[in-house]
Structures are given as structure tokens and as C-alpha cells.
Amino acid sequence: MKQPALSFIDVSFSKGDLHIIKNISGEITAGNITAFIGPSGAGKSTLFRLINQLTTKTTGEIIFNSQSIDTFNPMTLRKKVGVVLQEAVMIPGTVYDNLRLPRQLEGRDLPLTEAKDFLRKVGLEEKFLHTKAKELSGGQKQKVSIARTLVNEPEILLMDEITSSLDQVSAQAIESLITSFNHDERQTILWITHNIDQAKRLSDETWVLIDGECLYQGPTADLYNATDKHVRDFLEGGDGP
Amino acid sequence: MTYFTLSLTLLFVLIPLILAHVLKLNIEKDIIIATSRSIVQLLLVGYLLQFIFDQNDPLFMILMVGLIIFAATHNARKKGVNIKGITWKLILTYTTIEILTQSILIGLNITPATPQYVIPISGMVVGNAMVLSILFLNRLTDEVEDKQSQIELILSLGGSPKQAIHRQLITSIKASTVPTIETQKTMGLVQLPGMMSGQIIAGADPIQAVQFQLLILFILLTTAIITSVMLGYLSYPALFTEKMQLNDNLK
Ligand SMILES: Nc1ncnc2c1ncn2[C@@H]1O[C@H](COP(=O)(O)OP(=O)(O)O)[C@@H](O)[C@H]1O
Ligand SMILES: [Mg+2]
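The listed protein sequences correspond, in order, to chains A and B. 241 is the number that this note's numbering gives the last residue of the first sequence; the numbers go up by one with no jumps. 251 is the number that this note's numbering gives the last residue of the second sequence; the numbers go up by one with no jumps.
It is possible that part of the hints are untrue.
[Unchecked claim] List of simulated lysine-lysine pairs, DSSO-like, C-alpha gap at most 27 Å:
| no. | chain 1 | residue 1 | chain 2 | residue 2 |
| --- | --- | --- | --- | --- |
| 1 | A | Lys22 | B | Lys243 |
| 2 | B | Lys162 | A | Lys134 |
| 3 | A | Lys15 | B | Lys79 |
| 4 | B | Lys174 | A | Lys134 |
| 5 | A | Lys80 | B | Lys243 |
| 6 | B | Lys147 | A | Lys80 |
| 7 | B | Lys243 | A | Lys15 |
| 8 | A | Lys80 | B | Lys162 |
[To be verified] Computed far set for chain B versus chain A, every beta-carbon distance over 10 Å:
| no. | residue |
| --- | --- |
| 9 | Asn26 |
| 10 | Ile181 |
| 11 | Thr186 |
| 12 | Leu192 |
Don't read these hints as lab results, they were simulated from the structure. Ideal Cβ positions, reconstructed from N, Cα and C, are used throughout, including at glycine.
Chain A with its partners taken away, still in its complex shape:
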């Protein structure tokens, strides 16, 4: 059997008296899109930060490439586990400046031709290469942000509500981009969304996080067979209270 892309063993994170992630265990299948859904404040973003070490878990183990993430140099780990955030933060400068950033951090550079390839991959015309990043629309920024993360060729992609601030057309463009990327390259993707329909459209498996606990974990197709009361309430209530 194929080894999982990521395993969580009893992972918790607390801040002071606040228990933000509570004893989460489970495995992420390689090559799948796994959706993380749950009400806002459930701990989804925090879980992502634990995976790429932007925050350190309090207890438990996260296993990546059959090694505890604690044994990695954080810089190496973060190149292998790429993250794309909702805000699509841009560094000052052009689209090209943003795309070459990951390479520059390694003391290398991204040739123009390669930069164009990355833009094409996310469905942006190459004429945008020299556009100031702050002049882009929300959807375009998000595509640049995805391309920028892809420059590191991560083994796992973490997407945190990347379509939440976009209009429907841009959101759908990005959705189809990600699905085709997942199909073509068997890229493992973890996808946070508060949009249950999006999770159903995109994902092979779903984890439901509520109040720091993972209350459902399994095929997205079986989501509506979940027995847990909180999960059922969440699924019926849409985005929740």
C-alpha cells in the first residue's frame, strides 16, 4: 500500500488556556485532494501552520516522508510543503519579482522563459509578467500566488480559503486550475474551504473540523452519512452560526 503523504498522530496545539487543536489523528492520501471544512475559528488555518512549522504544535507528531516534521530544517520543510493563503500577499514589485522570489531565496534566479511557463500553468498571459503586482485583480493575484508557490515544486500544496475573497467566475477558474493540476501531476492538495459545495465538487476526501476537533474523516462521497451530531448540524447549517 502507498504510504500517506502526511500522518497526524494525536496532534494538539494550545495557547495559554486556549486549546486550539485537540488530539487530531489521521492520514492524508498521496495524490488526493483533501478538503478541510468547518466553521470559522475551528482551527483549520492553525492546522496548516502546524504542518509547515509556522507554528509549533504543543504535543503529538506530524509525519512527512516517514519522518517527523520536527527533524526537518524548517526552511527545507516549507519548500516541500507549499502554502497558498487567502490574502495572496504580494511583495512590492512586479509579477516577475514575485515569481522569482522563491528562487532568489535560494541564491538562484528564475529565467524569464521559466517564469512564463509558470504563468501559463495558472492561466495568466505572459504580458502580466511586468505588471506591478498591486495592480492585479484579486483573482489574478491569487493565480500569481499559486504560481509563486509552485516555483518551489512542493510535494504537498496547502490551500487556505484561496477563493473566499473572489467572485464566482474567478473562483471557478481557480477551482478548475487546481483540479486539472491534481489530475495531471497527481499533486497532493490540502484545501481549506468554508464552502461545503466547493468541497463536494473538488475533493476526494474531507475532514470536518469543529472547535479544534476533527469530527469526520473519510471519502467526500460519504460525508452525508456522517453520524456525529455536530457534523450534521454543520452540514445542514451551511456556513454555520
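Given the coordinates of chain A, assemble chain B with the ligands onto it according to the supplied hints.
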């Protein structure tokens, strides 16, 4: 000047007091505190300097310089309390610029190694460095708070803490040294520098006073840059954890 004439100058304090009272500015208490503190502090320093000059012992001179560095550190550290080890980082920075300045001045025979020269110059150099480090620490804290998402972006792409904070560090170094450079541009046009005015009032030859002032200006320029660069590179690691995360107490 006698103490009698000096007490007459208190008239200059009376005017703002009356104005503040009439206009209900509500700053009377601050004026009184400021006046009393400056009288007490300056007189103390005056007697202390007199004592040190009379001793003619380099040990007292060094102690006085140490006191200046200590006082400057005490003042500036409040702005950097969330930077671990800020106290010794400030002490190290101030000591470095003090040693550098005095080695050049004394080493090249520009000024003699007597308390009359060493102490006031140290006061100016370390005082300027203190103002600069406060500006620098304020700016760096603001920049990090403001640009937290950019810093975390670079970290999340696999950048080192130094790469992640490079832009904010440079901005803060620049911002803190700009006032020193800007003041030098208008020097002499609007106001005569305090030290030069003092020398001229005390009867020194204006050209000699100018030469001395220029020397001080160039020293301040050098020490300004060294202070913020040194403090910057000493402090930025404390903004990150050993796991290369932005320190939580800064958020
Ligand atoms: N560094 C932190 N300090 C204190 N509380 C935090 C911190 N990070 C997250 N939280 C809290 O943890 C909870 C989960 O947040 P988050 O992971 O952003 O949820 P989600 O992404 O599911 O909306 C929230 O209540 C949030 O306020
Ligand atoms: Mg979130």
C-alpha cells in the same frame, strides 16, 4: 553668571506658566516638573564634572562614560522590551561607537584624552545614538507589525529569518538615520548647533568653533549609521524563534 542672575531667568518659566494657566492648556504641572528636573539634573552634572576634572584621574573619566552609556541604555531599552537581550545589545552598540570615536579622536591626536573633551563628546555621541536607537526600535516594531504577512510569506516560501526581515530592517535603518542626515543639511542655516553656540558665547574664535562642530557632525554621522546597522543585526534574530517563526509576542 551668578546664582542671582540665574534665578532671574526663571522669568522665562513664569511666562509659559501664566499662558498655560490662562489658556487652560493643562500643562502647568509638566512645565514645573520639567523645570525642576532640568535644574537639579544639570546642576548635579555640573558638580559631578567639576569633581571629575579636579581629580584628574582617568578612572573617574571612564566611570562617567560608563554612566552615560548606562543612562542611555536605560532610556532606550523601554522601546525594545520585546526583543530578548536588548539591554546588552544596546550596551554593546554604545560601547562600540564610544570606543571607535575616542580611538579615532585620541589616536589621531585630534582631541586630547582629558575629561574636558572625552566626556562631552561621549555625551553627544552616545546621546545621539540613544535617540537613534529609539527611532530604530520604534520603526522596526511598527514595520514588523505592519508587514507581518510579507515576513511570513517569505518564511513560508522557505526563506531564512534574515531574508524574511531584510526589507523591514533596511527601511528601519534608513528611517532612523535620515533625521541625522537631514539636520546636517540645514546646519547653520536655521540654527547654530548648540555646542558651537556655547563655544562662541564663551568667547571662542568662530572659525575654531565651526571646525570643532564639523568634527562632531562627521562623528555623529558615522556613529548614527553604525548604531542602527549594528543594533539592527544584533536585534533581528530575537524577532524569530529557533524554528524560524515570527515570535509570538510581537504579533
Ligand atoms: N497565535 C494565536 N494566538 C491566540 N489565538 C489564536 C492564534 N492563532 C489562532 N488562534 C485562535 O485559534 C482559533 C482557530 O483559528 P483558525 O485556525 O484561524 O481557525 P479557522 O481557520 O478554522 O477559521 C481561533 O479562535 C483563533 O482566534
Ligand atoms: Mg482560516
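Results of checking the hints against the structure:
no.: 1; hint: Lys22/A to Lys243/B; verdict: 22 Å, holds
no.: 2; hint: Lys162/B to Lys134/A; verdict: 24 Å, holds
no.: 3; hint: Lys15/A to Lys79/B; verdict: 26 Å, holds
no.: 4; hint: Lys174/B to Lys134/A; verdict: 24 Å, holds
no.: 5; hint: Lys80/A to Lys243/B; verdict: 16 Å, holds
no.: 6; hint: Lys147/B to Lys80/A; verdict: 24 Å, holds
no.: 7; hint: Lys243/B to Lys15/A; verdict: 17 Å, holds
no.: 8; hint: Lys80/A to Lys162/B; verdict: 20 Å, holds
no.: 9; hint: Asn26; verdict: 40 Å, holds
no.: 10; hint: Ile181; verdict: 24 Å, holds
no.: 11; hint: Thr186; verdict: 31 Å, holds
no.: 12; hint: Leu192; verdict: 41 Å, holds
Going through the hint list in order, the structure satisfies each hint without exception.
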